[in-house]
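Those protein sequence lines, which keep their order, are chains A and B.
Read in order, the letters of the first sequence correspond to residues 1 to 309 in the UniProt record's numbering.
Read in order, the letters of the second sequence correspond to residues 1 to 438 in the UniProt record's numbering.
To be clear, the hints were calculated from the coordinates, so they are not data collected in a lab.
All values reported here derive from a predicted model rather than from experimental measurement.
Glycine is no exception: its CB is placed at the ideal position from the N, C-alpha and C atoms.
Among these hints, one or two may not hold up.
[Stated by the list, open to error] Some chain B residues judged to face chain A by a derived CB distance under 8 Å, without partners named:
#1 Thr72
#2 Ser266
#3 Gln412
#4 Leu415
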Amino acid sequence: MTSTLVRPASVKHAAPRTRKRGDGRLALVFLAPVLIGFGVFYLYPAVRGAWFSMTDWNMLSEPEFVGLDNYERLVADPLFWNAMKVTGFYVVMTVAVQVGLGLLLAALLHRLTRSLVVRTLLVVPWLVPGVTTALLWMWLLDANLGFVNHLLVGVGLQNQGFLTSPDLALPSISLINSWSGTGYTALLLYAGMLLIPKQIYEASAIDGAGELRLFFKVTLPLLRPILAFVLVISLISAVQLFDTVAVATKPGGGPVNATRVIYFYIYQRAFTNFQMGYASAMALTLVLVLGVLTFVQLRLLRASTSDLS
Amino acid sequence: MKRGILVLALLAAAGCGGAQQTPGKVTLTYGLWDDIQQPAYQQCADAFTKANPDITIKITQNAWDQYWQNLTTQMVAGGAPDVITMQASYYPQFVKNGQLLDIQPMVEADKVDLAQYRPGLAESWVKDGGRYGLPKDWDTMAVIYNTDLVKKAGVDLSDLTWNPTDGGTYEKAIARLTIDKNGKRGDEPGFDKTKVAVYGMVPELNDGSLGQNSWGNLAVSNGFSFIDKNPFGTKYFYDNPKLAEAAAWYRRLIEKGYIAPYDKTSTLGTDAVLAAGKGALGVTGSWMITTYLGAKEQKFAFAPLPKGPLGRKSAFNGLADSIYSGTKHKDAAWKWVKFLGSTACQDLVAKAAVVFPAITSSSEKALQAHEAAGRDVKLFVDQANDKDGTFLLPVSDHADEINEIVGTAMEQVWLGEKDAPSALTAANTQVNALFERG
Numbered sequence: 001m002t003s004t005l006v007r008p009a010s011v012k013h014a015a016p017r018t019r020k021r022g023d024g025r026l027a028l029v030f031l032a033p034v035l036i037g038f039g040v041f042y043l044y045p046a047v048r049g050a051w052f053s054m055t056d057w058n059m060l061s062e063p064e065f066v067g068l069d070n071y072e073r074l075v076a077d078p079l080f081w082n083a084m085k086v087t088g089f090y091v092v093m094t095v096a097v098q099v100g101l102g103l104l105l106a107a108l109l110h111r112l113t114r115s116l117v118v119r120t121l122l123v124v125p126w127l128v129p130g131v132t133t134a135l136l137w138m139w140l141l142d143a144n145l146g147f148v149n150h151l152l153v154g155v156g157l158q159n160q161g162f163l164t165s166p167d168l169a170l171p172s173i174s175l176i177n178s179w180s181g182t183g184y185t186a187l188l189l190y191a192g193m194l195l196i197p198k199q200i201y202e203a204s205a206i207d208g209a210g211e212l213r214l215f216f217k218v219t220l221p222l223l224r225p226i227l228a229f230v231l232v233i234s235l236i237s238a239v240q241l242f243d244t245v246a247v248a249t250k251p252g253g254g255p256v257n258a259t260r261v262i263y264f265y266i267y268q269r270a271f272t273n274f275q276m277g278y279a280s281a282m283a284l285t286l287v288l289v290l291g292v293l294t295f296v297q298l299r300l301l302r303a304s305t306s307d308l309s
Numbered sequence: 001m002k003r004g005i006l007v008l009a010l011l012a013a014a015g016c017g018g019a020q021q022t023p024g025k026v027t028l029t030y031g032l033w034d035d036i037q038q039p040a041y042q043q044c045a046d047a048f049t050k051a052n053p054d055i056t057i058k059i060t061q062n063a064w065d066q067y068w069q070n071l072t073t074q075m076v077a078g079g080a081p082d083v084i085t086m087q088a089s090y091y092p093q094f095v096k097n098g099q100l101l102d103i104q105p106m107v108e109a110d111k112v113d114l115a116q117y118r119p120g121l122a123e124s125w126v127k128d129g130g131r132y133g134l135p136k137d138w139d140t141m142a143v144i145y146n147t148d149l150v151k152k153a154g155v156d157l158s159d160l161t162w163n164p165t166d167g168g169t170y171e172k173a174i175a176r177l178t179i180d181k182n183g184k185r186g187d188e189p190g191f192d193k194t195k196v197a198v199y200g201m202v203p204e205l206n207d208g209s210l211g212q213n214s215w216g217n218l219a220v221s222n223g224f225s226f227i228d229k230n231p232f233g234t235k236y237f238y239d240n241p242k243l244a245e246a247a248a249w250y251r252r253l254i255e256k257g258y259i260a261p262y263d264k265t266s267t268l269g270t271d272a273v274l275a276a277g278k279g280a281l282g283v284t285g286s287w288m289i290t291t292y293l294g295a296k297e298q299k300f301a302f303a304p305l306p307k308g309p310l311g312r313k314s315a316f317n318g319l320a321d322s323i324y325s326g327t328k329h330k331d332a333a334w335k336w337v338k339f340l341g342s343t344a345c346q347d348l349v350a351k352a353a354v355v356f357p358a359i360t361s362s363s364e365k366a367l368q369a370h371e372a373a374g375r376d377v378k379l380f381v382d383q384a385n386d387k388d389g390t391f392l393l394p395v396s397d398h399a400d401e402i403n404e405i406v407g408t409a410m411e412q413v414w415l416g417e418k419d420a421p422s423a424l425t426a427a428n429t430q431v432n433a434l435f436e437r438g
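Go ahead and model the full structure; you've got the sequences and the hints to work with.
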C-alpha cells in the first residue's frame with residue numbers, strides 16, 4: 001500500500017518540493033491507523049514468533065535459545081504430519097463443497113432471482129458465531145441423543161457416530177462449516193457476477209446459448225479473478241479451522257487424531273503442553289506453506305488480469 | 001475461523017482485571033471451577049470477611065476445561081487469582097515453573113495441624129520439601145444406576161464381583177440390564193446387539209491416562225499400578241498385562257453389545273445418557289452426588305464398585321487450595337488458605353453437602369447433611385475408610401502429554417484398531433521416553 005501511494009509523488013520531479021513532502025505526510029497520516037494496527041497486531045507478533053520458534057519456552061520460564069531444534073523435531077513428529085494430512089483433506093473437501101455450492105447458488109441468484117430476502121437469508125448461517133454453530137451441530141449429531149440420529153433410527157436405519165467415528169468425524173466437521181460458510185461464498189461470487197456486463201449475456205442469448213452454456217462460456221471465464229480471490233480466502237479460512245474441532249470433538253482433535261487439524265495441534269502444543277517454542281515453529285512453517293499455496297493459486301488463475309478489460 | 005481464538009483472548013483479558021485497591025483494604029481473588037460448590041465457598045468468604053474486615057474475597061469461577069487454559073494465560077500475564085483451587089495431577093507443572101508459593105514455612109510457623117485431614121491428602125502436595133497446598137476435599141468412586149431399570153431386571157448390585165476373564169457378577173448384571181429393541185435382554189437367546197435400546201453400562205471411556213471413571217479402578221483391582229513412585233515417580237507401567245486385561249474386557253463388552261460402540265458414543269457425557277434412560281449403570285465420583293440424586297428425569301442410586309481379584313479398589317483424589325506465587329498479598333492469601341483448610345470453613349462446606357471436605361470431622365458432618373437430605377451416600381465414605389480400598393491417582397511431571405498419549409492408545413483399543421497389549425505397550429514406551437527427555 002505505502003509504495004503504490006507514495007512512489008508516484010516522488011517520481012514526479014516536476015512537482016514542487018514542498019508539495020511533494022506534504023502529500024507524503026498526509027498519506028502517512030491516513031495510513032497510520034492501518035500501519036499501526038498492522039505493526040502492533042501482525043508484524044511485531046510475527047517477528048516475536050520467529051524468535052520463539054528458535055527457543056525452548058513454556059511461557060512461564062525465560063525463553064532459551066535452541067537454534068533449529070524445534071524444526072528438527074517438527075520434521076520427525078508424526079502428529080505434525082498427521083495434522084497436515086488431516087488439514088489437507090479438510091481443505092480440499094470444504095473448499096470444493098463451499099465454492100461448488102456457492103457458485104451454484106450465486107448463479108441461481110444472478111440469473112433467477114435477485115430477491116434481497118433470499119440474499120439475506122443466505123448469510124444467516126454465516127452470522128452465527130462459530131462456537132454456537134459447533135455446539136448446535138454437536139447436539140443435533142450426537143450418536144445417542146442427537147435429533148438426526150433419532151430420525152435415522154426412526155426410519156429403521158442404524159444410528160451414526162457423526163462426530164465420534166474416525167471415518168465420519170472430519171467430513172461432518174467439513175459439512176458443518178460448509179453449512180455455515182457457503183452463503184457468504186455465494187454472496188461474494190454473486191457480487192462478482194454482477195460485474196459482468198449484461199450485454200454479453202444478451203448477445204450470447206441471441207446467438208442461441210442456453211443457460212448452461214452461458215454459465216460455462218460466459219460467467220465462469222469472466223468470473224475468474226473473483227473466483228481466484230474466493231478460492232484463496234476459502235482456502236486460508238479452511239486451513240484456519242479451529243473452533244468447530246475444539247468444541248464438537250471429544251477429546252478435541254479425536255477420535256484418534258482424526259480431526260486434529262494443524263491449527264488445533266498448534267494450539268494444543270502451545271496452551272495445553274506449554275511448548276510455545278515448538279508451537280511457534282509449526283505456526284511459521286504453516287505461514288510458509290500458505291504463502292506458497294496462495295502464490296501458486298494466484299499465478300495459475302492469472303488473478304490480476306481480467307478478460308473483461 | 002479466528003473467532004475461537006479471539007474469544008479465548010477476550011476471556012483472558014477479562015480475567016486479568018486484577019483487584020482494585022483502597023489503602024488498607026485487600027481484595028483477594030479466588031479461582032474455582034465447580035459452580036455447584038461456589039455458594040458454599042461464598043459462605044466461607046463471607047465468614048472470613050466478617051472475621052477479617054480488611055480482606056474481601058472475590059470468587060472467579062470457570063468451567064473445568066476453561067479453568068486451566070485461563071489459569072495459564074493469567075499466569076503468563078502475571079495476573080492469576082491470588083488463591084487457586086488445585087488438582088493433584090496439574091500442580092507439578094506449575095511448581096516446576098515457580099508459579100505456586102511454598103507454604104511449608106507458614107504451615108510450620110502457624111502450626112497447622114496436618115493430622116486433622118484424611119490420611120494421605122496432605123502428603124500429595126509436597127514436592128522436594130516444599131508444600132504447595134492445603135487439602136480441601138476428597139472423592140471416591142461408585143457405581144451409579146437407574147433404580148427402575150435395575151428393579152425390572154431383577155439384579156442385585158449391592159456386592160458385585162469382577163474378573164477380567166468372564167467379568168464376574170458385574171458382567172452378568174450388565175448383560176441382564178441391556179435391552180434390545182424387541183425387549184430381549186443381553187443374556188437371553190435372540191438378543192440383537194445391533195439394535196440396542198438400553199445399554200447395560202455407559203462407561204466414561206474417553207478418560208485420558210487415569211481412567212478414574214472407568215478402567216482405572218478395575219485395572220488396579222486386577223493388580224495394576226500406574227507408576228513406580230507416587231507422587232513424582234519417573235517410570236510408568238502402562239504395559240502391565242493386568243491393565244491390558246481390564247481394557248480388553250471393556251472392548252469385549254462393546255463387541256457383545258452391552259456398551260455402545262465407542263464411535264457411536266454420546267459426547268454429552270455419561271450423566272446425559274443415563275438421564276435420557278438410554279443406559280442402566282455407570283461409574284462416577286462423589287462430586288456428582290447431587291447432580292445424580294437431584295435429577296428429575298430418572299431415579300438414581302449408588303452401589304459400591306465391583307470387587308476385583310484384589311478386592312474393591314477406588315481412585316482416591318483430592319483437591320487443595322494453593323497460593324499463586326505472583327500474588328501481591330501473600331499474608332492475606334495465606335490467611336484465606338488457612339481458613340479454607342480449617343474446620344470453620346470446611347464445616348460450612350459440609351453443611352452444603354456437595355463434596356466431602358478434607359478434614360475428617362467435617363467430612364462426617366457432610367455425610368450427616370447428605371443423610372438428612374435423604375441421600376444414601378455412605379458407601380463413598382466407607383470406601384475411603386477401607387484401608388486397602390483406595391489408590392491415589394498418579395502425580396508426576398508431563399501429565400498433560402501422558403494424558404494425550406494414553407488417551408489416544410485407549411481410543412484405539414475401544415475402536416478395535418489395535419489390541420490392548422500392543423496399543424498400551426507402544427504408549428508406555430512413548431510415556432517413559434518423556435522422562436528420558438527430561
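**Message:** Hint compliance check: list the failing hint numbers for this structure, sorted ascending.
**Reply:** none
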